[in-house]
Amino acid sequence: MIKVENLHKSFGKNEVLKGISTVIKEKEVIAIIGPSGSGKSTFLRCINLLEEPTNGVITIGKDIVTDKRTNIMKVRENVGMVFQHFYLFPHKTVLENITYAPRNVQGISKTEANAKADELLRQVGLYEKRDAYPNRLSGGQKQRVAIARALAMNPSVMLFDEPTSALDPEMVKEVLAVMKSLADSGMTMIIVTHEMNFAREVADRILFLDGGQLVEDTPPAQFFTEPKSARAKEFLEKVL
Amino acid sequence: MLDFNAVVPSIPYILKGIGVTLQIVLGATIMGMVLGILLALCKIGKVTVLRIIADFYTSIFRGTPLVLQLMIIYYAIPQLFDINIDPMPAAILAFGLNSGAYISEIIRGGINAVDKGQQEASLALGIPYAKMMKDIILPQAMKNIMPALMNEFITLNKESAIVTVIGALDIMRRAYVVGGSNYHYLEALMIAGVIYYIMTLILTFLGKKLEKRMSRSD
Chain A
-1 MIKVENLHKS
9 FGKNEVLKGI
19 STVIKEKEVI
29 AIIGPSGSGK
39 STFLRCINLL
49 EEPTNGVITI
59 GKDIVTDKRT
69 NIMKVRENVG
79 MVFQHFYLFP
89 HKTVLENITY
99 APRNVQGISK
109 TEANAKADEL
119 LRQVGLYEKR
129 DAYPNRLSGG
139 QKQRVAIARA
149 LAMNPSVMLF
159 DEPTSALDPE
169 MVKEVLAVMK
179 SLADSGMTMI
189 IVTHEMNFAR
199 EVADRILFLD
209 GGQLVEDTPP
219 AQFFTEPKSA
229 RAKEFLEKVL
Chain B
82 MLDFNAVVPS
92 IPYILKGIGV
102 TLQIVLGATI
112 MGMVLGILLA
122 LCKIGKVTVL
132 RIIADFYTSI
142 FRGTPLVLQL
152 MIIYYAIPQL
162 FDINIDPMPA
172 AILAFGLNSG
182 AYISEIIRGG
192 INAVDKGQQE
202 ASLALGIPYA
212 KMMKDIILPQ
222 AMKNIMPALM
232 NEFITLNKES
242 AIVTVIGALD
252 IMRRAYVVGG
262 SNYHYLEALM
272 IAGVIYYIMT
282 LILTFLGKKL
292 EKRMSRSD
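Going line by line, the protein sequences match chains A and B.
The working numbering puts the first sequence at residues -1 to 238.
The working numbering puts the second sequence at residues 82 to 299.
It is worth saying that the hints were derived from the structure and are not from the lab.
Idealized CB from N, CA, C, for every residue including glycine.
There could be a bad hint or two in this list.
[What the hints assert, rightly or not] Interface residues of chain A toward chain B, partial, derived using beta-carbon atoms under 10 angstroms:
(1) R74
(2) G78
(3) V80
(4) F87
(5) Q104
[To be verified] Calculated from the model, a selection of chain A residues having no Cβ within reach of chain B, i.e. all distances over 10 angstroms:
(6) S34
(7) K72
(8) S163
[To be verified] Lysine to any residue pairs mimicking SDA-like chemistry, simulated, CA-CA at most 25 angstroms apart:
(9) A/K90 <-> B/M227
(10) B/K197 <-> A/G35
(11) A/K66 <-> B/M213
(12) B/K293 <-> A/D129
(13) A/K90 <-> B/M231
(14) A/K90 <-> B/K215
(15) B/K212 <-> A/E49
(16) B/K215 <-> A/S107
(17) B/K215 <-> A/P88
(18) A/K66 <-> B/M231
(19) A/K108 <-> A/L93
(20) A/K25 <-> A/G123
(21) A/K90 <-> B/Q199
(22) B/K197 <-> A/Q82
(23) B/K289 <-> A/N133
(24) B/K212 <-> A/I70
(25) A/K90 <-> B/L147
(26) B/K127 <-> A/T64
(27) B/K224 <-> A/A130
(28) B/K197 <-> A/G10
(29) B/K127 <-> A/M71
(30) B/K212 <-> A/G123
Whenever a hint applies, use it, and build me the whole structure from the sequences.
Shown next as structure tokens:
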């Protein structure tokens, strides 16, 4: 369970998050949507402390992430993250990308890490690319490897920061398919996305952010048909 | 008039200087790399004191002539500490300390040029700072700065000729000695020039090969 209480984040004088609170239950799939600059990515990045909140409390399971005494590196092992621009390690092969952290952070043996990586690569449909370097992969393939890399740590939560926004249209589908099957397998997921159809189909809840505030927190069926707030209505009219 | 016959018998003597020059360059390179990486890490790190020390170090070694640094190490250190220092260790020390300053700037630039996302991805995976630097950031930085580093080594190889002033028997010094013994300075110095030039060509060639090897992932 992830609990966010009164989360504030400012960059200098610019307050990006203005007090967000929500609870995300195990196995829930959350889609965060909203106009650009609404604070979606910042919210996501606060959860694993890639951004340090200015104020507020975030709890993941038993760990109070925002407590200075918490070993954030330990927490991050448990929170997978997928970025818009993949950030694969360009000097390592696909297999090495996936096995580096399990071997060097969790101390798992090479044999075991490789076996796990092979299994994940099959899962994302890229086993034949295991020895390729990232620059030989398409955007969609890179993102699927990035997902496998995050999963290799056996995280209990996965964060996705606009995972398909940097992809050519024909590659979006393959990445979303992997994410969908991950959701179906019961992974807790928090996804910042502009893919409205995907959010509607896969998410259990939509968090609609605007101007650094959580404007709406509703199931997709309701959000996309009869949003409560005027701001969400306006946003949906523009994007749908 | 040019008369190479006068210096031909001395060519083996001059050639022996290659070993001396290489020793200085190799020793200084290793020292410079280690020092350069440490200084670069201090410069990009969060510890203010280390950053100031590293910046000050760099500005001193870049802001004064290398020949002065060399002479201070060779002449002033014995005077100060009452120990004798041979030309070779003094030369390696001076060149190592000096190129450490230059290399640290090259590496700092290289680290900063690595996509910030690489650090974020490492953090998100829980990779500790030291491992991230060693396995993720530095290898990428090194690849980017390979041409600049090679340039530094080639410069070092040529600049090492100034060890002549403290009497280390490198290529330059030997050519000078030969020239002095029979007054055919020009011929002797030209031979030294050819040797340096060939060494530079070989280093450039090796550098290109290394760059190619490191760009396997491109």
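With a cut-off of 25 angstroms on the C-alpha distance, tell me whether B/K293 and A/D129 pass.
holds (19 angstroms)
Next pair to validate is A/K90 with B/M227; report whether the Cα-Cα distance is within 25 angstroms.
holds (18 angstroms)
Distance rule for A/S163, whose beta carbon must clear each one in chain B by more than 10 angstroms
The claim stands: A/S163 keeps its Cβ more than 10 angstroms from every Cβ of chain B (closest is about 14 angstroms).
Measure nothing beyond the straight line between the CA atoms of B/K224 and A/A130; if it is 25 angstroms or shorter, mark the hint as holding.
holds (19 angstroms)
For a C-alpha distance cap of 25 angstroms, please report whether A/K25 and A/G123 respect it.
Cα-Cα ~23 angstroms, so holds.
Keeping to a limit of 25 angstroms between CA atoms, is the pair of B/K212 and A/G123 held or broken?
Judged against 25 angstroms, a Cα distance of about 30 angstroms means the pair is violated.
Given the hint that A/K90 pairs with B/L147, does the C-alpha gap stay at or below 25 angstroms?
violated (39 angstroms)
Tell me if the interface restraint on A/R74 is satisfied: Cβ within less than 10 angstroms of some Cβ in chain B.
Holds, because the Cβ-Cβ distance from A/R74 to chain B comes to roughly 4 angstroms (cut-off 10 angstroms).
What's the verdict on B/K215 and A/P88, does the C-alpha distance respect the 25 angstroms limit or exceed it?
holds (15 angstroms)
Does A/G10 lie within 25 angstroms of B/K197 when you go C-alpha to C-alpha?
Holds, because 20 angstroms separates the two Cα atoms, which is no more than 25 angstroms.
Is it true that the CA of B/K212 sits at most 25 angstroms from the CA of A/I70?
holds (16 angstroms)
Holds or violated: B/K215 with A/S107, Cα cutoff 25 angstroms?
holds (20 angstroms)
The earlier numbered hints that this structure contradicts are 7, 18, 25, 30.
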